[in-house]
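*Asks:* If you want the building blocks of each chain, they are given just below.
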Amino acid sequence: MEYIALAFALLLALLIALGQAILNDILGERKSDPLEDYPYECGVPLYDKEARGTFKQGYYLLGLLLILFDIEAAYLFPWAVVFKEIGLYGLIEVIVFVGILALGFIYAWRKGALNWEL
Amino acid sequence: MQELGLSLLITLIKVLIIIPVALGVSAYLTWFERKLAGHIQNRLGPTVVGPFGLLQPIADAIKLATKESIIPKGADVPVYYLAILMALVPSILLLAVVPWGPGFQIAGKYIEPIISDVNIALLLAFAFGSLSVYGTIFSGWASNSKYAFIGSLRKAAVIIAYEVVLGFSVLGVILLAGTLSTVGIVEAQIQKGVWFIVYQPVAFILYLYCMLAESGRVPFDIQEAEAELVTGYNVEYGGMKFGAFPLAEWYLNVIALSAIAVVLFFGGWDGPQILGPISPYFWFLFKTFALVFFVLWLHWTLPRFQAKDITEIAWKILLPVALLNLIITAVVVYLF
Numbered sequence: 859m860e861y862i863a864l865a866f867a868l869l870l871a872l873l874i875a876l877g878q879a880i881l882n883d884i885l886g887e888r889k890s891d892p893l894e895d896y897p898y899e900c901g902v903p904l905y906d907k908e909a910r911g912t913f914k915q916g917y918y919l920l921g922l923l924l925i926l927f928d929i930e931a932a933y934l935f936p937w938a939v940v941f942k943e944i945g946l947y948g949l950i951e952v953i954v955f956v957g958i959l960a961l962g963f964i965y966a967w968r969k970g971a972l973n974w975e976l
Numbered sequence: 214m215q216e217l218g219l220s221l222l223i224t225l226i227k228v229l230i231i232i233p234v235a236l237g238v239s240a241y242l243t244w245f246e247r248k249l250a251g252h253i254q255n256r257l258g259p260t261v262v263g264p265f266g267l268l269q270p271i272a273d274a275i276k277l278a279t280k281e282s283i284i285p286k287g288a289d290v291p292v293y294y295l296a297i298l299m300a301l302v303p304s305i306l307l308l309a310v311v312p313w314g315p316g317f318q319i320a321g322k323y324i325e326p327i328i329s330d331v332n333i334a335l336l337l338a339f340a341f342g343s344l345s346v347y348g349t350i351f352s353g354w355a356s357n358s359k360y361a362f363i364g365s366l367r368k369a370a371v372i373i374a375y376e377v378v379l380g381f382s383v384l385g386v387i388l389l390a391g392t393l394s395t396v397g398i399v400e401a402q403i404q405k406g407v408w409f410i411v412y413q414p415v416a417f418i419l420y421l422y423c424m425l426a427e428s429g430r431v432p433f434d435i436q437e438a439e440a441e442l443v444t445g446y447n448v449e450y451g452g453m454k455f456g457a458f459p460l461a462e463w464y465l466n467v468i469a470l471s472a473i474a475v476v477l478f479f480g481g482w483d484g485p486q487i488l489g490p491i492s493p494y495f496w497f498l499f500k501t502f503a504l505v506f507f508v509l510w511l512h513w514t515l516p517r518f519q520a521k522d523i524t525e526i527a528w529k530i531l532l533p534v535a536l537l538n539l540i541i542t543a544v545v546v547y548l549f
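Protein sequences appear in the order of chains A and B. Per the numbering used here, the first sequence starts with residue 859, numbered consecutively. Per the numbering used here, the second sequence starts with residue 214, numbered consecutively.
One or more hints might be untrue.
As the list claims (entries may be wrong) - Here are the computed lysine-lysine pairs in the DSBU-like style, where the Cα-Cα straight-line distance is at most 30 Å:
no., chain 1, residue 1, chain 2, residue 2
1, A, K889, B, K276
2, B, K405, A, K942
3, A, K914, B, K529
4, B, K521, A, K969
5, B, K248, B, K280
6, B, K276, B, K248
7, A, K914, B, K521
8, B, K286, A, K889
9, B, K248, B, K322
10, A, K969, A, K914
11, B, K286, B, K276
It should be emphasised that the hints constitute simulated quantities derived from the structure, not laboratory data. Please read these numbers as outputs of a predicted model, since none were measured by experiment.
Construct the entire structure; sequences and hints are all you get.
*Replies:* The following block contains the structure:
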């Protein structure tokens, strides 16, 4: 039942979002101006036709680090829930686990992956 | 069969009350924020439309809804529209796991004021929080504008950095409560008689940073950076399509994340019985809006960090602190 509720909420959220997305196409005025769909470029002629070009590789490195750490966090959630039942074994395991994680983290730090200027 | 129909009906009513009310409150939060910003900056804020400018959000909505729909040249149209869905839907779904108060009886039927009381509620909340990064990335990519593209990359970098810290910071609370259910966490605090902020002050500070970063509020609003990026990833959106982005990240996300912070750290609906039977609901809303107010207050008071500082604060300071906090909490929970 709780998941059905979630499905209801999803449906309503989708309806609201779709409504917001297409409202202007229904209600908006339709004047057309040759330059109205010109991408924003401070009023000068467009420098590149395609804005989706290369980007700073720091973003790519951060994406890789996210994969390392966010998945580790996902593993720790179930551990945290049952921690009181598994006791000392769970504690030692998690110290080893976070220790290995910390080694990877220190490696990334020493290599300079966390520095923005590259 | 009748039983099933009745519970389906109750569920539907809950969904149809909670989500529209939250959206309405978000819309009025725009008025509140502008008024607050005005007074912080020694101005009056909106005053023209209605008494105290109270009809301003409605006027804004009508204005946004009747604008012409403009799609920039070279845009990726399906992704351009998909970005709106991806920004708004997760933010609305975040509200589904917030428990607005304790359960009550109506005509022999036990009703909990939460849309979906699942035992993985926190996990769902963080999953929806993570999904909202797609709205940002899609909108920046689809718009075919350099400003939007840079803004979306910056915001994605901020979100993924702070998401890791967010995950590690709440683990301490989960250790103490032993459950992922939002209702269960509040009940654990009421049972112990102590709010978890007493045991986990560090985690709360980390959570607060992450909340500001995830919702793109000052001092982490580098993706907006009006002076350099002209509001960043949503610059090529107009009308209601534009309205969806601030609504999702500035208002709905802030409300939902504040409510989750109240659940995790401030004892949920726990509080003295000052208003009789409705006091738990009052306390929950009061604490939530105190946090929302705090976020708005910061927004109009602080300057913003550089992109470099934001990611380095997350990875080099907050993440080690969060890991240490986790290990120390685990040891202390084991010993006591």
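*Asks:* With reference to the structure, classify each hint as holding or not holding.
*Replies:* Structure-based check of each hint:
In summary, the hint linking K889/A to K276/B is supported, as the alpha carbons are separated by about 16 Å, within the 30 Å threshold. With a CA separation close to 16 Å, the supplied pair K405/B and K942/A stays within the 30 Å bound. For the hint linking K914/A to K529/B, the alpha-carbon distance of about 20 Å falls within 30 Å, and the restraint holds. Our distance criterion of 30 Å between C-alpha atoms is met by K521/B and K969/A, whose separation comes to about 17 Å.
A C-alpha spacing of about 25 Å is found between K248/B and K280/B, which places the hinted pair at or below 30 Å, so the restraint holds. Between K276/B and K248/B the CA atoms are separated by roughly 19 Å; this keeps the pair inside 30 Å, and the hint holds. Between K914/A and K521/B the alpha-carbon distance is near 12 Å, which keeps this suggested pair within the 30 Å criterion. For the proposed pair K286/B and K889/A, the alpha carbon gap of about 16 Å is at most 30 Å, so the pair holds.
For the suggested pair K248/B and K322/B, the alpha carbons sit about 42 Å apart, so the restraint of at most 30 Å is broken. At most 30 Å may separate the alpha-carbon atoms for a hinted pair to count; K969/A and K914/A meet this at roughly 18 Å. Between K286/B and K276/B, the direct Cα distance comes to roughly 24 Å. Compliance with the 30 Å bound is thereby established for this hinted pair.
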